[in-house]
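S.K.: Counting along the sequence shown from 1, when you hit position 253 you're at 253 in the working numbering, and nothing is skipped either side.
Keep in mind that the hints were calculated from the coordinates and are not lab data.
Hints are not guaranteed to be accurate.
[What the hints assert, rightly or not] Here are the simulated SDA-like cross-link-like pairs (lysine to any residue), alpha carbons at most 25 Å apart as the crow flies: (1) K358 / Q299; (2) K106 / L461; (3) K474 / G56; (4) K108 / E450; (5) K441 / L461; (6) K359 / Q299; (7) K359 / L290; (8) K474 / V395; (9) K441 / G426; (10) K358 / S440; (11) K441 / S363; (12) K441 / V395; (13) K160 / T360.
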Amino acid sequence: MSDATLIALPLLVPLVGLLLIVSSGRVAALRDAVTVVTAASMFTAVLQLLPRVSAGERPRLELFEFFPGLGITFEVEPLGMVFALLASGLWIITAIYAIGYMRGAKEKHHTRFHAFFAVALFCATGIAFAGNMFTLFVFYEMLTLSTYPLVAHKGSEDAKRGARTYLGLLLGTSIGFLLMAILLTWWLAGTLDFTPGGIMAGRVDPAYGSILLVLFLYGIGKAALMPFHRWLPAAMVAPTPVSALLHAVAVVKAGVFTVLKVTIYLFGLDYLTELWTSDVMLYIAVFTLLAASLVALRQDNLKARLAYSTVSQLSYIVVGAMLVNSIAALGGGMHIVMHAFGKITLFFCAGAIYVATKKTEISDMDGLGRRMPFTYAAFFVGALCVIGIPPLGGVWSKWHLMSGAFDAGYGLVVIALMISTLLNIGYLVPPVVRGFLLPSKDGEATGLREAPLLCVLPLSLTALGCLIMFFAAKPLAELLSGMLVVPVP
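Assemble the whole structure, with the sequences as input and the hints as a guide.
M.R.: Below you can see the structure in the form of structure tokens.
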């Protein structure tokens, strides 16, 4: 197949699936089957690009151009390939989980839910395959708008309030900062194309580049750098499958993916070393990862605790970008994948607990581990993956991040990453300890009481994925290393 066909298929599949989901909405079983088949078809279509990208090719598709150097263009490089595989692959599991959760929790408007999910994955794929910053911005904004109805899905006042915060902060940062950064970059550099080694060296004075870096990193609100992080906890009013979409499949991963794309393909790591704001943004990211972990320790609501955990973990990836060396950047790319598997497992488990028991507060979950052993065992695996304990995938991304910080001479960052890991233990392990070791609350029933199979099976698969990624780290690192290769003139 041609490059154009290979790129077009993953973009068209979720749109065709959207039409089929809506048209089959009156027959629940058919609609649910269409959703899963669409997700599987999209992953298969994305997978067709992997051999070419692994071989060093960069499949490209140019749709149209508004002005010279400014148009809708797609180009698949290693980082985008990984993000597209991650989003489409986890969509299959999330689709299955969502069916079980929506039924078990007796949620309404299933067709609307699955339809907007499909649109969100279409947008995430557009972000992954964007060949320039203009294309990425278009799909980035579409992703924000398409996920707003998912955040507000319940229709309650809390859901509407949380969705307004979500939309307001994400649109505010992207229009107020990101759009300005894009326009200034186009004016100063004359192009927005993602180029290995960056486009700014020799074109943009480091004084202007320093300002642009701040605008870009705060404009990419989905990366949740403090103080523009509140949208993430606010969005936890959404159903748990949406939380999984936000934290693991698409939204926040689109944010940190964009951070890496901008730093590697627009600025370039060598150029970033000339910018005085690189260190400023590095320490803001370090502050975010520590402060969010401390806030997470105080949260009794399980989803809120996991939300602040995500704020912290995203900053690991920003730190990897701001350390401006290849080892740390590689660690940031790997952490996108490792965190996705660990965090989606944790949110799946939180949703399963809610479906089975209607409990949301950790203090009310004493003894639940003995009644829901599969769910709590999976939670423990997901927690260890996020913490970075072998033999689970998270250890490799954190190892690369710490090695990169050490090689760059940032001893304080190494210490901060170690402290953050201890804080990870402090807020992720206690729910498991309480679930397995503390006695149940008075009057609670005994015996197994797991969530429906369509909830338990997906969380078991993602927990298994945390283990598999420990052994798959080498091919992942080899693929991602292609994003750091600068062609010889």
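S.K.: So, for every hint listed, does it hold in this structure?
M.R.: Evaluated hints:
no. : hint        : in the structure
1   : K358 / Q299 : holds (18 Å)
2   : K106 / L461 : holds (24 Å)
3   : K474 / G56  : holds (17 Å)
4   : K108 / E450 : holds (22 Å)
5   : K441 / L461 : violated (30 Å)
6   : K359 / Q299 : holds (14 Å)
7   : K359 / L290 : violated (28 Å)
8   : K474 / V395 : holds (13 Å)
9   : K441 / G426 : holds (23 Å)
10  : K358 / S440 : holds (15 Å)
11  : K441 / S363 : holds (10 Å)
12  : K441 / V395 : violated (35 Å)
13  : K160 / T360 : holds (20 Å)
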